[in-house]
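Participant: Protein sequences, first through last, are from chains L and D.
If you're matching positions, the first sequence starts at 1 in full-length UniProt numbering and goes up one per residue.
If you're matching positions, the second sequence starts at 1 in full-length UniProt numbering and goes up one per residue.
Bear in mind the hints are in silico, worked out from the structure with no lab data behind them.
Bear in mind that the values here come from a model prediction, so they are computed numbers and not experimental data.
A couple of the hints might just be wrong.
Which copy? The list can't say, so a pair holds if one copy fits it or any two copies do.
Stated by the list, open to error - Taking lysine-lysine pairs in the DSBU-like style, the calculated list, with each CA pair at most 35 Å apart, reads:
hint	residue 1	residue 2
1	LYS149	LYS325
2	LYS449	LYS493
3	LYS32	LYS493
4	LYS581	LYS72
5	LYS325	LYS449
6	LYS28	LYS581
7	LYS349	LYS57
8	LYS32	LYS44
9	LYS609	LYS262
10	LYS28	LYS584
11	LYS58	LYS581
12	LYS581	LYS606
13	LYS318	LYS221
14	LYS325	LYS221
15	LYS606	LYS263
There are 2 protein chains.
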Amino acid sequence: MEAARTNSSSTPKGRGVNFSAPRSFFVKFRSKCKETFFSDDPFKPISQEPNGLLKTKKLLEYFVPVFEWLPKYNLQKLRYDLLAGITITSLAVPQGISYAKLASVPPIIGLYSSFVPPFVYAVFGSSNNLAVGTVAACSLLLAETIGEKMSKEDPELYLHLIFTATFITGVFQFALGFLRLGILVDFLSHSTITGFMGGTAVIILLQQLKGLLGLEHFTHKTDVVSVIHSVVTNRVELKWQSALAGVCFLIFLQTTRYIKTKKPKLFWVSAMGPMVVVLVGCLVAYLVHGSEHGIKTVGPLKKGLNPPSIQFLNFDAKYLPSVIKAGMVTGLIALAEGIAIGRSFAVMKNEQTDGNKEMVAFGLMNIVGSFTSCYLTTGPFSKTAVNYNAGTRTPMSNVVMGICMMLVLLFLAPIFSYTPLVGLSAIIMSAMLGLIDYEEMYHLFKVDKFDFIVCMTAFFGVSFLSMDYGLMMSVAVSILRALLYVARPSTCKLGRIPNSVMFRDIEQYPATEEMLGYVILQLGSPVFFANSTYIRERILRWIRDEPEAVEFLLLDLSGVSSIDMTGMETLLEVRRILGSKGVKMVVINPRFEVLEKMILAHFVEKIGKEYVFLSIDDAVQACRFNLATTTKPDQ
Amino acid sequence: MEAARTNSSSTPKGRGVNFSAPRSFFVKFRSKCKETFFSDDPFKPISQEPNGLLKTKKLLEYFVPVFEWLPKYNLQKLRYDLLAGITITSLAVPQGISYAKLASVPPIIGLYSSFVPPFVYAVFGSSNNLAVGTVAACSLLLAETIGEKMSKEDPELYLHLIFTATFITGVFQFALGFLRLGILVDFLSHSTITGFMGGTAVIILLQQLKGLLGLEHFTHKTDVVSVIHSVVTNRVELKWQSALAGVCFLIFLQTTRYIKTKKPKLFWVSAMGPMVVVLVGCLVAYLVHGSEHGIKTVGPLKKGLNPPSIQFLNFDAKYLPSVIKAGMVTGLIALAEGIAIGRSFAVMKNEQTDGNKEMVAFGLMNIVGSFTSCYLTTGPFSKTAVNYNAGTRTPMSNVVMGICMMLVLLFLAPIFSYTPLVGLSAIIMSAMLGLIDYEEMYHLFKVDKFDFIVCMTAFFGVSFLSMDYGLMMSVAVSILRALLYVARPSTCKLGRIPNSVMFRDIEQYPATEEMLGYVILQLGSPVFFANSTYIRERILRWIRDEPEAVEFLLLDLSGVSSIDMTGMETLLEVRRILGSKGVKMVVINPRFEVLEKMILAHFVEKIGKEYVFLSIDDAVQACRFNLATTTKPDQ
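Extracted from the complex, chain L is given alone in its bound form (with noise of 0.2 Å):
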């Protein structure tokens, strides 16, 4: 930000540096904490209110969102929020079947996890979008880091283990809330998300292969070579019967997801498809007998609603550490999609989504549904795309949803015992081809390498070594790259825009004019420990690369948003070296931060206040007319 000089050399009144005394350590910190926790200023509309009352009032609707819908809610909304709740039931059943087979948990408990938590979260959620049920990754993810500690030979114990670890899950997404560490889910980047998405729907995928041929024996590993290993021994148990069903169902399937694709208004369609494939698999199997054919079906399904569970919860040290680390990864993974997908809806129809508040709405959800025989539930992709199109208005479509559950589990329950176990698997295959996201991740390769290497390790890792290992090594690669950008801010050098006082990058502006003796830099953010190296290396290197000798280093600091001691020792080096060479140092425009610690430091103080300047322009005037004959001694 440069200066029109309209005057003299010397810098006009009122438009020096202020150097005004730093602000005090609290004020500072005060300042720091409500940027990193309170980003969003939450309670500013509750303590707006005047009256005591109606603070109160405001709170709690903050806190309970349904509070602040329920009394605006109308028959106008309801009809839409019954239409959508309908649709997604018919979503919900097929779905919550399939994942309970992919968590390796009874099948009923899939059906339970979609009745108690959509409540919850109608009480407690912020979106209005969202609609709740069990995902496919999470499902898996849990079996694998569970079941890799104890034998899978007694489903008693795993399944209290997997209650265990959605309660731990739950504590863990409302403690985040709670404590206002949505910046944890931020480290999980949009590419990280894409590639583990990836590289889940494909190790599900090929986990299908077993269902839909009709396979017997199959691995316990999930990573790609194990189970096309697995595959390809078992190959002489393949049942042509089931294949074909599986195809014919697949394919089916699919149209139905192309018709979405090329006229959205019958997405109800794709929504109505896994219920019809269950539903005919249902009857089919019931009339051929199909268990005769080696057509597997579901088995037994209890009428009844969901009996508590948390008698079962079972914190013994043996299987904690592998309970503790399965809910917190599950849980993790489970609020980035649900917070993301939450978000990307509620952009569309130019609505707020609350981080925080998500994360306690989640993780109460889960903590009653562990004590009622619910596994982890958050925000599908595939359900919440069905809620939105259907013209979802609030959460009551999750209470509507919620009530349809509990008169499938009342009346229904028995009939979806036939389901067969390929009709299942079709489904599954179908919505993992929907998550691999090949167009954006081209658009990752063109537009940022970096990004694209994210997602690819994210991919990779995931389906050829595991999912936990891979979205770790994913998050690794995201943040080598947040510090190597750190370690290596971009700096540039500056030159004059003809006619103008404004100072641009040499290189992205060619007809930029540098000034003979004048080397200005802008420097990039921030200066510290782990760049001050670079930094003065780079200054130094770009005084030495001058044909000609150099009078004036002009500093740009104005993007530079941080510095630390190391930062400030560093350009005091330089200086130093410089001033040795007969080169003058000048720092221009340090911002608040910045300048306050160079106060405290008595950087300022070492330099000269006559050696900071407010724009790069008064710089050079002054260095032109006042600095030239005047020397600062070294201290």
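Guided by the hints, dock chain D onto chain L, whose structure is given.
Facilitator: Same frame as chain L, but now just chain D:
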């Protein structure tokens, strides 16, 4: 950077944003790699040589600095180097023996370590001030890391493992330098090193209580609690003769140090101090038959030069993990210390050192050392300071020290066998007292609380847990800081400085004027996955907090040196959300790299070129006259 606007409201010719096609991936990649690994552009002077022979000569001089300084060497310089070399030898003998004790290796190894490595450094090192020798912190850390995996019952094996660790240190350091990974050392911040050195000094001081008090039994642990407990438990073994002698020595040494700080010219008093203690100690111990009075001595020291030790390198898989860990951790610390110290002294003389070259030199020094019965060497602070004060001119002083050490080893070694352990303890304690940098810690506390936390983490981590944990914790906190920085880049609202076209932070410059209907924000850097949610919330909050209706949001990107896909999507999302509220978003001065990505990702296309400006003033003018009437449809 703002324009001095002299004419109309439209952007004048040659002043617009440069939307030319992005550079190709390979151009960008090459430039990134160069910035990351070759920021000092070391080969430029070489490639500038016209002649092939001269090129080779320059290249040789670059890789083997001795070729650079030796041809210019003269008697004048030799006089200084001779004096410096002899002075540091007087320090090398007592320090060598003392630190060998800390590393639990035979004292003679400490003397060997000051003979071969100085020659290697003199050939490859690039610092004129550095004096080669062993250091206390790494000696203790080696003993701690390797000692914990094996009983010290087998001193042969232990010694072989120490050689192996030194070899690994050497290879690791050489590789870091060769691969130009100096960036790793950058992550050991000044604050970490201050805290680490302080904490190490505390635990080494406490370790010396054994020698000082003449105790027989002592703990093998290093943390404060265990050591104090051990001293209290074994207090009955205290020998007053030993304690008295120790305190006398310590007072003498501290007095010599005090003299040095008062009269820097008398540096040799403090440099000679340890040698005086050793010689007086030897004499007294010899005369009074100290061992009969409970004063233990170093024990037999054989005459003769370093025997080869290459045949002792032990890569047994049983010990390899801890040996590699010890080698790499001590290697990194030794590098950080040596390079930082070499650089600090070089700066005082306005000389330059090359971090990557130093790494190669240290690496070769330790590889050769491990073949010739030496253990880990680097550039210790005390020796280097003495070398500098004695007026060293070139690495020749190390050669002089090496020759002196050779004479000591050949003829005088047996004398030092009478050195009383209490004298060595006093020497170490005196050295350690100088390493606890209270003033620096207080300075950190005052200027930067986060730097202070990093420092204290290292300090207390080292003193109460262990050296490697303390170091790792401190680095983790530093990295957390770096991540927090990128997760919450500080953004600010700008206002116009009266009578100018400069826009500055309204908080920093309260005199600035805000414009009705405009919100001008300066974003911190970078804008990417880890902070995109934050930036979105923060921008929306700023708009929400405006008392009046907002018509334009001006985003000043001049400080944003990097953006990724998630960041760009966030900006588009902000634009969509605001667009629905009738707020238009304008982007100002995207930097080279950012603009390239924006073009590639069709960002510019989506928001429209007419919404991208070179300066805030241009944007404000355009908003006032052109954009107020037109509306770009949402894509």
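Participant: For LYS581 and LYS72, with the copy left unspecified, which applies at a CA distance of at most 35 Å: within, between, both, or neither?
Facilitator: Answer is between; shortest inter-copy Cα gap is 22 Å, intra-copy 74 Å.
Participant: Have a look at LYS606 and LYS263 and pick one of within, between, both or neither, based on CA distance no larger than 35 Å.
Facilitator: Between copies only: 25 Å across chains, 70 Å inside a chain, cut-off 35 Å.
Participant: Should LYS58 paired with LYS581 be assigned to within, between, both, or neither, using CA atoms and 35 Å as the limit?
Facilitator: Answer is between; shortest inter-copy Cα gap is 24 Å, intra-copy 65 Å.
Participant: Between copies, within a copy, both or neither: which fits LYS28 and LYS581 at Cα up to 35 Å?
Facilitator: Between copies only: 33 Å across, 39 Å inside.
Participant: How do LYS318 and LYS221 come out at 35 Å by Cα distance, when the copy is not named: within, between, both, or neither?
Facilitator: Answer is both; intra-copy 22 Å and inter-copy 31 Å each pass.
Participant: Can you tell me if LYS581 and LYS606 fall within 35 Å by alpha carbon in one copy, between copies, both or neither?
Facilitator: within (18 Å within a copy, 49 Å between copies)
Participant: Have a look at LYS609 and LYS262 and pick one of within, between, both or neither, based on CA distance no larger than 35 Å.
Facilitator: between (67 Å within a copy, 32 Å between copies)
Participant: Using 35 Å as the alpha-carbon threshold, which applies to LYS32 and LYS44: within, between, both, or neither?
Facilitator: within (17 Å within a copy, 44 Å between copies)
Participant: When no copy is named, should LYS149 and LYS325 be tagged within, between, both, or neither for a Cα gap of at most 35 Å?
Facilitator: both (12 Å within a copy, 29 Å between copies)
Participant: Please sort LYS325 with LYS449 into within, between, both or neither, judging by C-alpha distance up to 35 Å.
Facilitator: both (32 Å within a copy, 33 Å between copies)
Participant: If the cutoff is 35 Å on CA atoms, where do LYS32 and LYS493 land: within, between, both or neither? Let me know, please.
Facilitator: both (31 Å within a copy, 16 Å between copies)
Participant: At most 35 Å between alpha carbons: which applies to LYS325 and LYS221, within, between, both or neither?
Facilitator: This pair counts as both: shortest intra-copy Cα distance 18 Å, inter-copy 32 Å.
The structure meets every hint from the earlier list without exception.
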